[in-house]
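Residue numbers (the numbering used here): 56 to 362.
Keep in mind the hints are simulated off the structure, nothing from the lab. One or more hints might be untrue.
Unchecked claim - 30 Å max Cα-Cα, derived DSSO-like pairs, lysine-lysine:
#1 LYS233 / LYS65
#2 LYS182 / LYS127
#3 LYS85 / LYS65
#4 LYS296 / LYS275
#5 LYS145 / LYS85
#6 LYS228 / LYS314
#7 LYS275 / LYS183
#8 LYS338 / LYS189
#9 LYS347 / LYS233
#10 LYS338 / LYS145
#11 LYS338 / LYS176
#12 LYS73 / LYS86
#13 LYS228 / LYS176
#14 LYS166 / LYS65
#15 LYS233 / LYS196
#16 LYS314 / LYS293
#17 LYS65 / LYS145
#18 LYS293 / LYS275
#19 LYS107 / LYS145
#20 LYS182 / LYS279
#21 LYS296 / LYS228
#22 LYS127 / LYS183
Unchecked claim - Taking CB as the label site, the calculated pair distances span:
#23 LEU277 / ASN106: 51 to 59 Å
#24 LYS228 / LYS107: 46 to 54 Å
#25 PRO114 / ASP77: 14 to 22 Å
#26 SER177 / ILE128: 15 to 23 Å
#27 SER234 / LYS293: 17 to 25 Å
Using N, Cα and C, we set each Cβ at its ideal position, and we do this for glycine too.
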Amino acid sequence: NSSVYELQIKDNKDDEWKTLSDKLTNNTIKKKNLVENFIYYFRIRYYDNSNKVWSEYSPPSNEMTTLSSNNKIIDPPTLLSNDSISITIKWNEISGATGYLCRYRDEDHSKPWVYIDSIIKSNTMRKKNLFPNKQYYFSIKPIIDNEHYEYSLSSIGLSVSVLSPFLNDLLPKTLLSKSGIVNTSDALAGKIVGIYFSAHWCGPCRNFTPQLSQLYLQAKSLNKSFEIIFCSGDHDEKDFKSYYDQSMPWLAIDFNDDKREELMNKFQVTGIPKLSILAISGKFIDENAVGKQLSIATIDNWISLGH
């Protein structure tokens with residue numbers, strides 16, 4: 056209900072707030088011509104269009120200062136990928152850097168930054184053991200001999216991924232993997248999903264599966280946000296296990312799970328092999344990718360369309 060904001064500022068040598076603008080229509084602003092080493096505070100309020108009144112001012116921001124003219128910063132890190140428990144960030148590689156330091160905090164800005172002890176040797180980092188329904192902020196500092204960098208501005212708020220309600224209802228709560236039973240949400244959150252309808256008795260399936268397996272393993276080696284689930288059309292559990300154990304590196308729906316036949320019906324499977332590609336939301340990206348040119352570039356395109 057708001058279209059206009061008022062932004063005020065004060066520094067550590069002045070007790071009075073000064074209005075920078077009361078006609079802001081964007082939620083970002085750059086304030087120039089500030090004094091080095093001064094501490095600044097900001098606060099904001101919005102105009103309530105429904106009631107035709109201004110809101111109360113927000114609490115003052117944390118202390119903010121300009122960057123010293125002798126120091127440097129790099130651009131904030133950005134999101135590379137996420138899943139149900141982790142966020143992977145990336146940043147611009149800096150020539151001459153021997154490593155990078157990282158700090159992060161959650162949306163409660165009253166808490167201090169958490170500094171990661173180890174030096175990061177690449178320009179990507181995965182932070183695990185994070186919680187859903189929270190925003191996390193990351194800041195990076197390069198290590199370069201004879202040059203002083205400050206920590207970067209923080210990233211935008213980033214969060215772990217959760218499985219969409221559609222996929223949560225569509226799929227069983229657990230899936231089979233090569234290492235045992237896995238939680239479906241943990242395995243698929245934040246990923247493009249390929250549901251592979253196939254069977255051991257199907258000759259075209261036995262020809263296509265090795266090609267798909269090779270592509271899948273390549274995608275995994277490159278940490279692509281992509282997963283495949285085998286939905287079997289085999290006649291019995293013995294054939295299912297033999298086919299899955301010997302030919303497939305991905306996940307599978309248990310042969311005895313009711314969801315297996317439900318999926319066959321919902322996806323109107325009248326012929327196999329069939330590879331249906333689903334976005335993170337569960338919407339179709341490609342109803343059947345079998346017979347099309349498949350490569351890492353294809354998976355990258357699915358990822359860009361499905362996020």
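Hint by hint, where does the structure go against what was stated? Just the numbers, ascending. Those not satisfied are hints 1, 11, 13, 15, 17 and 19.
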